[in-house]
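All chains, please: the whole structure from these sequences, using the hints.
Residue numbers (my numbering), protein chains in the order written: chain A, 74 to 185; chain B, -18 to 92.
With the Cβ distance kept under 8 Å, some of the chain A side facing chain B (calculated, not the full set):
1) G113
2) M114
3) G115
4) L116
5) L118
6) Y121
7) G131
8) F163
9) E173
10) A174
11) F176
12) G177
13) Q178
14) G179
Hints in this document: simulated from the structure, not taken from any laboratory. Glycine included, C-beta positions come from ideal geometry on N, C-alpha and C.
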Amino acid sequence: NAGVTQTPKFRVLKTGQSMTLLCAQDMNHEYMYWYRQDPGMGLRLIHYSVGEGTTAKGEVPDGYNVSRLKKQNFLLGLESAAPSQTSVYFCASNHQGSTEAFFGQGTRLTVV
Amino acid sequence: GQQVMQIPQYQHVQEGEDFTTYCNSSTTLSNIQWYKQRPGGHPVFLIQLVKSGEVKKQKRLTFQFGEAKKNSSLHITATQTTDVGTYFCAGRTSNTGKLIFGQGTTLQVKP
Chain A
74 NAGVTQTPKF RVLKTGQSMT LLCAQDMNHE YMYWYRQDPG MGLRLIHYSV GEGTTAKGEV
134 PDGYNVSRLK KQNFLLGLES AAPSQTSVYF CASNHQGSTE AFFGQGTRLT VV
Chain B
-18 GQQVMQIPQY QHVQEGEDFT TYCNSSTTLS NIQWYKQRPG GHPVFLIQLV KSGEVKKQKR
42 LTFQFGEAKK NSSLHITATQ TTDVGTYFCA GRTSNTGKLI FGQGTTLQVK P
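In structure tokens form, the structure reads like this:
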């Protein structure tokens, strides 16, 4: 039972490049989330999904897109990376009904 | 929009001293959760509070949910070096709502 797995763990991008972060969970969770963590800012919600095929914007959605084609996967895309998107990205998931959220190990992204 | 504020941002204590972090929401919450993140790690769930005025304890940790369900606190008695990390509160405005985190309180414990 792997829980929540994020790939890649580290990445360096040049400004303007695109990339996709993958989050996979094997707990059959309905809800999945993407957060970014910056010093002094806590965890800020980028996008979230309450089920397969549905997504919604969080607090800081600009510059990101997401897709939830399969229940177990939640993809976060950066179409044109900017230095302001340098951050640590966490994926999380939980069962419907306000249960605890399980986090992945994080992806450290640097945009130069 | 929904905002969750947490204070203080940083706290340095001597081992054995107590520690408290406070969480305030701009809107009434359905429930509140607390997480701990060790340096270099990912957030790990500690507890969930649901009822107005609820108090829960986990060994030296005491969690409270305010009567109006808009604030919460985490109190650690007699801190130990193993308590080092960042403590986050996270709230939902409904059982099906998004989970919004506070900014976190980073605790340093001097041995």
